[in-house]
Amino acid sequence: MFFRKLATSLAFLGGLSLLWTACGGASFDDPAVIKGLRVIAVQKSSPYPKPGETVNLKLLFWDGKSTEDNPRDLNIQMFTGPSQVCVNPPGDLYFNCFAPRDGGIDDDIPDGGDDGGAPDGGTPDGDIPEAGTSNARRVASAPSAVTSSGATPGSASSTVGFTRLTSGGFNFKDFALAETVEATRVVAPSGSHDVDHIREATLRIPRGTVDGHQTPPGFTEEQRYGLVYVLFVACAGTPRPVLNAGPNQLPFGCFDAEGRQLGSDDFVIGYTSMYVYNNRPNNNPVIDGLSFVTPSGTASLDDSIADEAAAPHIPSCKGDRTKCTKYTLAPLINKDLTDEEDLDPTAVSPSGKRLHEQVWVTYYLTAGEFKSSVRLVNDATQGWNYKNEAEFTAPGEPGPVRFFAVVHDNRGGVAWVEGKIIVD
Amino acid sequence: MPAQETPEEKPAQVTPPKIIHFEPSPYPPEAEKLGLEADVILQLDIDKEGKVTKAVVTQPAGHGFDEAAVQAAQKFLFEPARRGDTPIPARILYRYGFTLKPAEPQGAPGGPAAPAVPADSLRGTVMSIEGDVPLAGATVDLENAQGEHNVVATGADGSWKFQGLPAGHYKVTVTSSGFKQAKAEEDIVAGQVTELTYRLSLDEGGIEITVQGQRPPREVTRRTIEQREISRIPGTNGDALRSLQNLPGVARPPGLAGLLIVRGSAPTDTQTFVDGVFVPLIYHFGGLSSVIPTEMLEKIDFYPGNFSAQYGRLMGGVVEVGVRSPKSDGKYHGLAQFDLIDGRVMLEGPVPLLKGWTFLVGGRRSWIDTWLKPILVELDAGVTTAPVYYDYQAFIETKPTSRSSFRLGFFGSDDRFEVLIRDPAQQDPAFGGNLALRTGFYRLEARYKNDFSDTLKFSTVTSYGTDRFDFGLGTFFFKARNDAFFNRTELSYRPWGGVTFHGGLDLALAPYSVNIRFPPPPRPGEPDPGPFAARPPVSRNIEALAWRPAAYVEAEINPSARSKVVPGLRADYAKDTDKIDLSPRISGRYNIVHEFPRTTVKGGVGLFYQPPQFQESDAVFGSPNLSSNRAVHYSLGFEQEITRPLEVSVEGFYKDMDKLVARLPNLAGGYDYNNLGKGYVVGAEVLLKYKPDAHFFGWLAYTLSRSVRQEPPDYATRLFQYDQTHILTVLGSYRLGRGWEFGARMRLVSGPLYTPNIFGIYNADAGAYAPISGSPFSDRVPMFHQLDLRVDKQWKFSGWTLRTYLDVQNAYNRTNPEGVAYNYNFSQSRIQGFLPIIPSIGVRGEF
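Quick note, the sequences are listed as chains A and B, same order.
Residue 4 is where the first sequence starts when you use this note's numbering, and the numbers rise one by one after that.
Residue 1480 is where the second sequence starts when you use this note's numbering, and the numbers rise one by one after that.
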């Protein structure tokens, strides 16, 4: 009588989602196979940073359309400047980061105040907002320069902005980007068969992040938190405004050299979040290596990226794929350093038992297929699942195949490992 | 129950046929050799000249009896039926008895002259409820206050009479082979003759299920679906509560879900009561089968709106399920039924060593786990508990006096499963890990009824029980427990003819606890806040007391035999809102044409309140000063009899809703709630029904409706999530003879609404995309249509019956669209369906 609505919704959602997942994805492209430009993961050096702490971010990407002979121009940007990050949006919801623009590029960010607008930006720490005020910051000025080994730094003159959510859908208005943004060409370091596929940036968490977040009812001082969102984009071309974008469209897009707008295979927009605590640690998962099991034995892929000679060779799979040899790919996840049972005091089951971190691994590859590309590593109640490997079937065409195994925990921790094999 | 004609109501001037030539039949040699006797029930078609044009066996006896009776009956000659002075064709049921005993002498030869015939004291007719056919050979047993019995048999025209009886109070029992026994109590007044008509229904195992669609309070409007219909509607597997989904005003839920979407309302706006006691779940696992077996039901009353002041705390509809009394014929009866989903048993009869007490017990267990577990294991899921459900019922009852009854009952339900999903969903890795679900409830109830007199009646039912809901998925869980006490008490008083007053209490007291660790769900229409896997949960532990008492008064006023008006007022208090809601209501009906073919207009208007959910009004985590959701129901319609078995009913409805609870995100990461939501539902329902006769029953139900909501602060008016514009159901079942019956159901329904996703934004914490949506519920899945078929075969043996059935849902195997599936980044989509053809086979034996 008193909780039917929520209970009914939860059960129905869970059951229907499972059924849908089991039945719904069979005819779509395999999400594990990287065919275009993909952002694979973002790692924070401190998943639960403290106020004032400097966090290093690493963004892992891969372009399935770039080849060694024909690399594409890519524009990869993380918006980590002090006036660009989104701090404590209402409801802790990412889309409430998007506040109305006043128009034009490089606009001043209005003061925070009674209307709940964003506080001033400019200083590394940002303003320390008063408790109880809305202090969502707009992502509204140029990104900081980013660096990455082997890459040409991009220009720092782009501007991003979105309107607040309005009735009828997600409505963007008045977005504008600088007309030209020098792309970052992805090139391979000379003498190596590898390509640049990681971007790094640093971010300093504003000191007032926790104090500026209204305390949820019933929370203790130890449980108080703040929230920071960082936006990023990846574009295999040039980001430009979209004229006459409809109410449910992004007001900017990614365009090729001929001015044609590129689709989701060439353009990714996303975000990562950091929960900020005064004193609550959280570590990233730890991966000790990557193994590849063949009928003739187990090989380590740890050196296969740096040294292609270390990459195992396997035959291609032609004809009936169900009859081809199956291989197993397994990251060597360090259980002792990954299973953080005691670090979240609120993670307690109804029976009082401490809950584990939920950990899973998502596998990606550039060719071939996995039987299941998402595998459970650690369950909150049942504990470690040792059967977290992925079963791999080789592609029909010869060539290198790159693997990525990204391990997530449910508190923002991320780690990854890569490897390569050669299909003959 | 049999209808009684009162002196105010003048029946039509129809004279039934009278037999003037009876053709005796030779005794079937096989039966005579075996020493068998039997009664064969025949349906006779008699033309205007009194000749039998057709004789059909409706209740066979075998062993040559049927053929002999038909041959003889075809030679009967009748004085034809008349309407006024005009002969008319008629159809009657006739019991042709075969007995090996010689007939009793009618009187000793040369005896004294017969005494003068005294005046009639009590007289009337016994008819079949199906088509008003007179029943010949029925017995009417009259018992006086001293326990002395007087028995007469009805004639060929169904008539009977008692003469020279002293004034007083009598119990009447009417029995006819193949029909359900009827009981009544009558008063004989000195110097007056009382005329009565009893209508009996076919005995199908002792259950009469009454499902009343659009039934304004106190039986102003009544739509009856009999047990035969309930257990034969294709696609429902004989489940009484699933049959509700075939009535007008009830939308089709997605997939196999057992949601009741009534006149455009959310499923949680409709509540179900068993014997007046609220139950939280009426279906196992959200729709597989009901928690109370059909065989235990006496009636199902369904009110899609404008219901009596007896009911409150909801804005949608009411389902009131009545558990029947155990059979009191002094014998033990039982049944066992098994199909692909579950097995059930039931037993009833007198309580041993406890005179005057009867019992009814039953239980059911599913065996989905036996065949689903291997499938889940093949999918690499670690199965801790395969899906399984139970339900159990036990009742004992006694009648302390002839006017009172007392019942103790215990019933409940338990569903559970637990699996370890090793392959989380790619689109949201939170849907992985350990998935556990357990839902259940039980009730211990005591019910007492007493008709102190013809003018004063009292009833009360009290129950205590526990509701539990445990759901866990990875680190998320929701655990709720509710120890509930309910009481419903009513006193009815009829100070003079034509007016009855009802007053009652409806009490709900429930300490509850909720322990939850879950990300808060999004508001309707706002973008998906991101995959569950990356959203930190909100942990809450709430213990509180829900106290919701209510009182009501209502009057049934009959200004004339043609009309009825029912005004009422209900007052509800809720501790969580600390407010009193007053709900005035009124409904009425008027027979424009009182006799056949009757024309009735009906209508009503009323105010209905529904308190907020616990999390909305909770003192710490919700918002203070919330009020109840509010709706005004309007309805207007008519009923028209076309032929004896055929009737049409049309009704328009409008629901105006305001003060709906809505929410806005606040700076603390939660929500602030308010009462600024609004909405309305408008529509019309049509029901064209062919009432059951010896061969056929069926109906056509169509609903056209629009359901709209507007939630603050700046959302545009939009279609409500459960809007379903067109709902058309056509069904029927035909008895082929020799125990065979065939049925079909065709449904054509507007597809469900969905919110289209425009593109995906990548959440790097979960490694999955979150959809950015278009306008909420702005697109609709293509139309649903499905054909269900059912075949039954029954064998009757001495003392027991055996029945098998094949029920096929989705007979032409159409993959009906249920929603939209997207690829991993929401750049591609397709309409998705998943239910194929579903056959179900069952076997049932009962004695």
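Just so you know, these hints were derived from the structure itself, not from any lab.
If you're wondering where the values come from, they're calculated on a predicted model, not measured in any experiment.
Be aware that one or more of the hints could be misleading.
Where chain B lies over chain A, by a calculated footprint (3+ residues, C-beta under 8 Å) [unchecked claim]:
1) 215-227
2) 274-288
3) 349-355
4) 379-391
5) 401-414
Note that CB positions come from ideal geometry on N, CA and C, so glycine has one too.
Hints versus structure:
1. 215-227: holds (count 6)
2. 274-288: Result for this restraint: holds, n = 4.
3. 349-355: holds (count 4)
4. 379-391: holds (count 8)
5. 401-414: holds (count 4)
Checked against the numbered hints given earlier, this structure breaks none of them.
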